[in-house]
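> Sequence:
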Amino acid sequence: MNIEERIHALATLGTHLKDLTHDEFQSVADRASRENPWFTQDNVRMALDGIIRMLDESKLRTWVAPYSFPGTSRQVALVLAGNIPLVGFHDLLAVLISGHRALIKLSSKDAALPKYMLETLAVISPALHAQVQIAEQLKDFQAVIATGSDNSARYFDYYFSKYPHIIRKNRTSVAILQGDETEAELGALGTDIFSYFGLGCRNVSKLLVPDGYTFDRFYPSLDAHRDIIHHHKYCNNYDYQKSIMLVNITPFLDNGFLMLHESTRQVSPISVVYYEHYKTPEALAANLAENSDKLQCIVGRAPGATVPFGQAQFPEVWDYADRVDTLQFLSTL
Numbered sequence: 058m059n060i061e062e063r064i065h066a067l068a069t070l071g072t073h074l075k076d077l078t079h080d081e082f083q084s085v086a087d088r089a090s091r092e093n094p095w096f097t098q099d100n101v102r103m104a105l106d107g108i109i110r111m112l113d114e115s116k117l118r119t120w121v122a123p124y125s126f127p128g129t130s131r132q133v134a135l136v137l138a139g140n141i142p143l144v145g146f147h148d149l150l151a152v153l154i155s156g157h158r159a160l161i162k163l164s165s166k167d168a169a170l171p172k173y174m175l176e177t178l179a180v181i182s183p184a185l186h187a188q189v190q191i192a193e194q195l196k197d198f199q200a201v202i203a204t205g206s207d208n209s210a211r212y213f214d215y216y217f218s219k220y221p222h223i224i225r226k227n228r229t230s231v232a233i234l235q236g237d238e239t240e241a242e243l244g245a246l247g248t249d250i251f252s253y254f255g256l257g258c259r260n261v262s263k264l265l266v267p268d269g270y271t272f273d274r275f276y277p278s279l280d281a282h283r284d285i286i287h288h289h290k291y292c293n294n295y296d297y298q299k300s301i302m303l304v305n306i307t308p309f310l311d312n313g314f315l316m317l318h319e320s321t322r323q324v325s326p327i328s329v330v331y332y333e334h335y336k337t338p339e340a341l342a343a344n345l346a347e348n349s350d351k352l353q354c355i356v357g358r359a360p361g362a363t364v365p366f367g368q369a370q371f372p373e374v375w376d377y378a379d380r381v382d383t384l385q386f387l388s389t390l
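First residue of the sequence shown? That's 58 in my numbering, and the numbers climb one at a time after it.
For the record, the hints were derived by calculation from the structure and aren't laboratory data. Here a beta-carbon is modelled for each residue, glycine too, at the ideal position from N, C-alpha and C. Worth double-checking, as some hints may not be accurate.
What the hints assert, rightly or not - With a straight-line Cα cutoff of 20 Å, these simulated SDA-like cross-link-like pairs (lysine to any residue) come out:
hint, residue 1, residue 2
1, 162, 75
2, 172, 109
3, 75, 220
4, 172, 191
Said to hold, decoys possible - Simulated restraints on C-beta separations:
hint, residue 1, residue 2, range
5, 365, 274, 30 to 38 Å
6, 110, 214, 17 to 25 Å
7, 306, 382, 27 to 35 Å
8, 290, 79, 43 to 51 Å
9, 91, 162, 20 to 28 Å
10, 300, 91, 24 to 32 Å
11, 190, 280, 42 to 50 Å
12, 308, 110, 39 to 47 Å
13, 77, 118, 19 to 27 Å
14, 88, 277, 35 to 43 Å
15, 91, 206, 41 to 49 Å
16, 207, 91, 26 to 34 Å
17, 162, 310, 23 to 31 Å
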């Protein structure tokens, strides 16, 4: 297949997803939630909507325009994460649109949705579907893109060191508050915090706030997300984290579905968001620079922010995880 045929097939996949009937979507979402209770209908819908935006034909053309892909197809092993629905789709998309073949190791937490996507692709474009293989054991590949925890990344670095590779580790996102945010901006920040129950690397897990900041206006702006506490797994995490802080006499703020705890750490547990004060813009910039290798998004409108409030979970197709250009990597194979 040439690049035009690949773009057309992938754009057709996006159109198909956009045109799913209620019953078709319900069937897909049910498959996902049975496999992983964190994958609610709302979260599956959000993930599919994000992919539909990525598969817009004009965006795909704009994305690939700067690159020249080799005529030789390579087999690229993909080790996919499973923290949020279809989190590895962008890597698969990049491999296919660049003309390579994908050898996929699925996460047990997110297998149903990728399999559905491939089943659909098989109907739309058997030729493109033939470039994808799911495998339990990875062998006979020429390059690797692997995503995992910091611990698994050390294993990946060792095991895949002789291959061209991209290894992704734990990352999280922070938001910068200045104290003059509107209610709408704080409400949008709630989406950055609560979407996917906070399980994604693009979810805000920490707030950087100026000295003297109070959360009087912050908590009321989150009321639209109050029902999250009715999800049993989220509620269990909330109860557990609250009991730990109470037993340890750890100071925290609480609104009944989200706790705030002051900490210099970056990655907070589910149902908890950390916060840290900064004294000056220079101190804030130094904090961000020191932790740059741990951050995926910096949310807000202050200097240093990279994503507007409410947009952390809506990347464009040319927004790369860890700011590593996947298409550039694939174009060199």
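> What hint numbers does the structure not satisfy?
1, 3, 5, 6, 7, 8, 15 and 17
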